[in-house]
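Take a look at the letters that make up each chain.
2 protein chains.
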Amino acid sequence: MTTQEQLIAVKAAKPALAAASTEQKNRALLAMADALLADAAPILAANQEDLDAARGTISEVMLDRLALNQARLEGMAEGMRQVAALPDPVGKVLARVERPNGIVVEKTAVPMGVVAIIYESRPNVTSDAAALAVKSGNACVLRCGKEAHRSAAAITAALRKGLAAAGLPEDGVCLIEDTTRVSSLALMTAVGYVDLLIPRGGAGLIRACVEQAKVPCIQTGTGICHVYVDAAADQAMALNIIENAKTSRPSVCNAEEVCLVHRAIAGEFLPKLRQRLVDDQIAKGRHPVELRLDERAAAIIPGTPAGPDDFDTEFLDYILAVKVVDSVDDAIAHIAAHSTGHSEAIVTADEAAARAFTTRVDSAAVYVNVSTRFTDGGEFGLGCEMGISTQKLHARGPMGLAELCSYKFIVHGNGQVR
Amino acid sequence: MTTQEQLIAVKAAKPALAAASTEQKNRALLAMADALLADAAPILAANQEDLDAARGTISEVMLDRLALNQARLEGMAEGMRQVAALPDPVGKVLARVERPNGIVVEKTAVPMGVVAIIYESRPNVTSDAAALAVKSGNACVLRCGKEAHRSAAAITAALRKGLAAAGLPEDGVCLIEDTTRVSSLALMTAVGYVDLLIPRGGAGLIRACVEQAKVPCIQTGTGICHVYVDAAADQAMALNIIENAKTSRPSVCNAEEVCLVHRAIAGEFLPKLRQRLVDDQIAKGRHPVELRLDERAAAIIPGTPAGPDDFDTEFLDYILAVKVVDSVDDAIAHIAAHSTGHSEAIVTADEAAARAFTTRVDSAAVYVNVSTRFTDGGEFGLGCEMGISTQKLHARGPMGLAELCSYKFIVHGNGQVR
Numbered sequence: 492m493t494t495q496e497q498l499i500a501v502k503a504a505k506p507a508l509a510a511a512s513t514e515q516k517n518r519a520l521l522a523m524a525d526a527l528l529a530d531a532a533p534i535l536a537a538n539q540e541d542l543d544a545a546r547g548t549i550s551e552v553m554l555d556r557l558a559l560n561q562a563r564l565e566g567m568a569e570g571m572r573q574v575a576a577l578p579d580p581v582g583k584v585l586a587r588v589e590r591p592n593g594i595v596v597e598k599t600a601v602p603m604g605v606v607a608i609i610y611e612s613r614p615n616v617t618s619d620a621a622a623l624a625v626k627s628g629n630a631c632v633l634r635c636g637k638e639a640h641r642s643a644a645a646i647t648a649a650l651r652k653g654l655a656a657a658g659l660p661e662d663g664v665c666l667i668e669d670t671t672r673v674s675s676l677a678l679m680t681a682v683g684y685v686d687l688l689i690p691r692g693g694a695g696l697i698r699a700c701v702e703q704a705k706v707p708c709i710q711t712g713t714g715i716c717h718v719y720v721d722a723a724a725d726q727a728m729a730l731n732i733i734e735n736a737k738t739s740r741p742s743v744c745n746a747e748e749v750c751l752v753h754r755a756i757a758g759e760f761l762p763k764l765r766q767r768l769v770d771d772q773i774a775k776g777r778h779p780v781e782l783r784l785d786e787r788a789a790a791i792i793p794g795t796p797a798g799p800d801d802f803d804t805e806f807l808d809y810i811l812a813v814k815v816v817d818s819v820d821d822a823i824a825h826i827a828a829h830s831t832g833h834s835e836a837i838v839t840a841d842e843a844a845a846r847a848f849t850t851r852v853d854s855a856a857v858y859v860n861v862s863t864r865f866t867d868g869g870e871f872g873l874g875c876e877m878g879i880s881t882q883k884l885h886a887r888g889p890m891g892l893a894e895l896c897s898y899k900f901i902v903h904g905n906g907q908v909r
Numbered sequence: 492m493t494t495q496e497q498l499i500a501v502k503a504a505k506p507a508l509a510a511a512s513t514e515q516k517n518r519a520l521l522a523m524a525d526a527l528l529a530d531a532a533p534i535l536a537a538n539q540e541d542l543d544a545a546r547g548t549i550s551e552v553m554l555d556r557l558a559l560n561q562a563r564l565e566g567m568a569e570g571m572r573q574v575a576a577l578p579d580p581v582g583k584v585l586a587r588v589e590r591p592n593g594i595v596v597e598k599t600a601v602p603m604g605v606v607a608i609i610y611e612s613r614p615n616v617t618s619d620a621a622a623l624a625v626k627s628g629n630a631c632v633l634r635c636g637k638e639a640h641r642s643a644a645a646i647t648a649a650l651r652k653g654l655a656a657a658g659l660p661e662d663g664v665c666l667i668e669d670t671t672r673v674s675s676l677a678l679m680t681a682v683g684y685v686d687l688l689i690p691r692g693g694a695g696l697i698r699a700c701v702e703q704a705k706v707p708c709i710q711t712g713t714g715i716c717h718v719y720v721d722a723a724a725d726q727a728m729a730l731n732i733i734e735n736a737k738t739s740r741p742s743v744c745n746a747e748e749v750c751l752v753h754r755a756i757a758g759e760f761l762p763k764l765r766q767r768l769v770d771d772q773i774a775k776g777r778h779p780v781e782l783r784l785d786e787r788a789a790a791i792i793p794g795t796p797a798g799p800d801d802f803d804t805e806f807l808d809y810i811l812a813v814k815v816v817d818s819v820d821d822a823i824a825h826i827a828a829h830s831t832g833h834s835e836a837i838v839t840a841d842e843a844a845a846r847a848f849t850t851r852v853d854s855a856a857v858y859v860n861v862s863t864r865f866t867d868g869g870e871f872g873l874g875c876e877m878g879i880s881t882q883k884l885h886a887r888g889p890m891g892l893a894e895l896c897s898y899k900f901i902v903h904g905n906g907q908v909r
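Taken in sequence, the protein lines are chains A and B. Count the first sequence with our numbering and you get residues 492 to 909, in order. Count the second sequence with our numbering and you get residues 492 to 909, in order.
Be aware that a few hints might be false.
Unchecked claim - Here are the simulated DSS-like cross-link-like pairs (lysine-lysine), alpha carbons at most 27 Å apart as the crow flies:
#1 A:763 - A:775
#2 A:705 - B:705
#3 A:598 - B:598
#4 A:705 - B:502
To be verified - Here are some, though not all, of the chain B residues that point toward chain A, as calculated from beta-carbon distances under 10 Å:
#5 542
#6 552
#7 553
#8 708
#9 845
#10 850
#11 851
It is worth saying that the hints were derived from the structure and are not from the lab. Virtual Cβ for every residue (Gly too), placed ideally from N, Cα, C.
Isolated chain A, as found in the complex (with noise of 0.2 Å):
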């Protein structure tokens, strides 16, 4: 089928998931995850065409990321149960008033109608982003990109058969069968069809769609985050949490990537910082942090001194940029400056410190005390994630079912005129 088709296919599926139960979306889920198992054999089969087709023109990691096995297939089912468990956000009254001519307006959580989500090498955002899209009423349009294609479509046709198994229609998950960056085009200007835009990947696909896109667009993802060690801080606290917020898992966009420390304990933190993230960690085995350091820290420290771009760069690799601050408000411009607005952090134990920091910050996260790495949906507590948005129009952060839904004014009377 052309895009073109496929839109207007899931489209046509818009009202029946609206309008579904509940209950019967919860029995999809269930279906959709049974399905996914009953299917392992032709989706881990499609994953090893991909597989084979990918091998020697992208990274090891990309590889890994790429690949299914039985467990993966098991964790991915056992997330589309979970989000059948989660409470249903659609129909939810989320402000009610009753007006003294009697009218009684009740602003009452909508589905967006159709969600489309454009993706990479990740076959597992499949099943993660339709169950998402299914709990909230959502009906969903999925663009893979071409090295996840084939298993991406091998689960797209299991899903599909979970739904028809609850009684909704299977264009409500749609995989856009076109791979060229023209459907992606056409999914960024589908206006009428598409009612919401998340593209979940690199910087490039989120800047393109930040440039192209003429529906509603969310941007998600790129993460230059800092941690600012101040002067009032407990530096073996500062040491923990910049140890995990930059090494517990580089690759992700909740990462480290920027270090400022306070001048007035530079000279005694930056070596202790030096000793834990390159010294510590080859004693230990692990892989050790390159250091790139602006002037000041590089006169009390060995490390790379830093590149101009360095202090705006989303590594997501053990390196970390390095840089004397004068002061919290110093602090402050360096990230209004530089940073990506997703999480930043600061370790004191001064509140007033702490206070200017969480209110000035303009960031989706701000953290006193506590490593970036929670910028999660579910550490938030909202049991789910479809991605961590950058923006601030509509949702900032970590983006659950709440997020997949707009409201409407649900206004009732007896006849009320103006």
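Following the hints, position chain B against chain A.
Below, chain B without anything else, positioned relative to chain A:
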């Protein structure tokens, strides 16, 4: 100043507005209201120049919208005082969760940052929009149509004096000096400067923003509003609602443009409708409504045959398109195909029909036995209104102070790592 220089200035004012206390913002709003009245003479003189220049080039209705006088200025000042009296949306904790690991996550309302408003020839929008922006902690950049530009410039000069009197930066409210299309396009594409763009005006402006905006944008306004008279309607109530929705103020976006009538009552109801909207209006010396009838309606009452565009036009005039439908499903399908998603009403005593209508009609406001004219921030209890969103992302329906805010997650802990 160039538009770019003005954008730099307003961005520089953003932190001071965002950090201002409720008391300081209220003091600024009262001082802005006082300054508006203190500057009545230069404002009314500038308005006279605008009127003199515009006369002959725009309609009488537009001239009336453009005209200011002492009473209107007092109304504008009073509007600002009312905004000062509203609760401050900034800093409100929208949700709070303490996680098992001890971190406390607070989802906290914060200003958007810089809000841009592009509007046409109503000078009063200058003070309305500035008041709402300041109260919600936003700096604002205003881009007024050229017909009202002298008036808006004089008003803005007064408002900036008020800001300064309260110790806030004057550049928190900027009026773009360039009145050509170049400046509108500059605002639509001011990535990094404008956090939210709200176009307030005709369909052409809204369409241009949707097509060209690269900054987050909210579509407002266009309303092809439907009233559906069900088979089970109280017909006297239906006549009152339709008369109100169509004739109380035909030029506004929540006025009715289309009437759908169930075929079971069409033979009885349509003659009464014609009597009420045509004959009774003439008898009372009011403007009669021109009825544009589909074939089935035209077989029952006299009127203009509806042309191909009449069910897709926001008349904003004493014109009503009338169509006979077979069922509530048929009415819902017609609305899905032709509505702009603003406001629709059903008149019925049948609860099942009402429920089908409120559930399945996908518009910002859906009414049961109430006139569509109530879609308004004041009428919904928001206390004010920046515009009426017809999109589903971020804000839908009347936008008050809360809708001019985003949020961030503020997380406190004592060294938690993941």
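Hint check results:
Straight-line distance between C-alpha atoms of residue 763 (chain A) and residue 775 (chain A) comes to about 16 Å, which keeps the hinted pair within the 27 Å bound. A hinted pair counts as satisfied when its Cα atoms are at most 27 Å apart, and residue 705 (chain A) with residue 705 (chain B) qualifies at roughly 9 Å. Taking the CA atoms of residue 598 (chain A) and residue 598 (chain B), the gap is near 20 Å; set against the 27 Å cutoff, the hint holds. At roughly 25 Å between alpha-carbon atoms, residue 705 (chain A) and residue 502 (chain B) fall within 27 Å of each other, so this suggested pair holds.
Hint status for residue 542 (chain B): violated, given a least beta-carbon distance of 30 Å to chain A, over 10 Å. For residue 552 (chain B), the interface hint is violated, since its Cβ never comes within 10 Å of a Cβ in chain A; the closest pair sits about 20 Å apart. Proximity of residue 553 (chain B) to chain A is violated relative to the hint, the smallest CB-CB distance being about 24 Å (cut-off 10 Å). Interface restraint check for residue 708 (chain B): the shortest CB-CB distance to chain A comes to about 8 Å, inside 10 Å, so the restraint holds.
At its closest, the beta carbon of residue 845 (chain B) sits 8 Å from a beta carbon of chain A; the interface hint therefore holds under the 10 Å criterion. Taking 10 Å as the C-beta contact cut-off toward chain A, the hint placing residue 850 (chain B) at the interface holds, the least distance being around 7 Å. Taken as an interface hint, residue 851 (chain B) checks out: its beta carbon lies about 7 Å from the nearest beta carbon of chain A, inside 10 Å.
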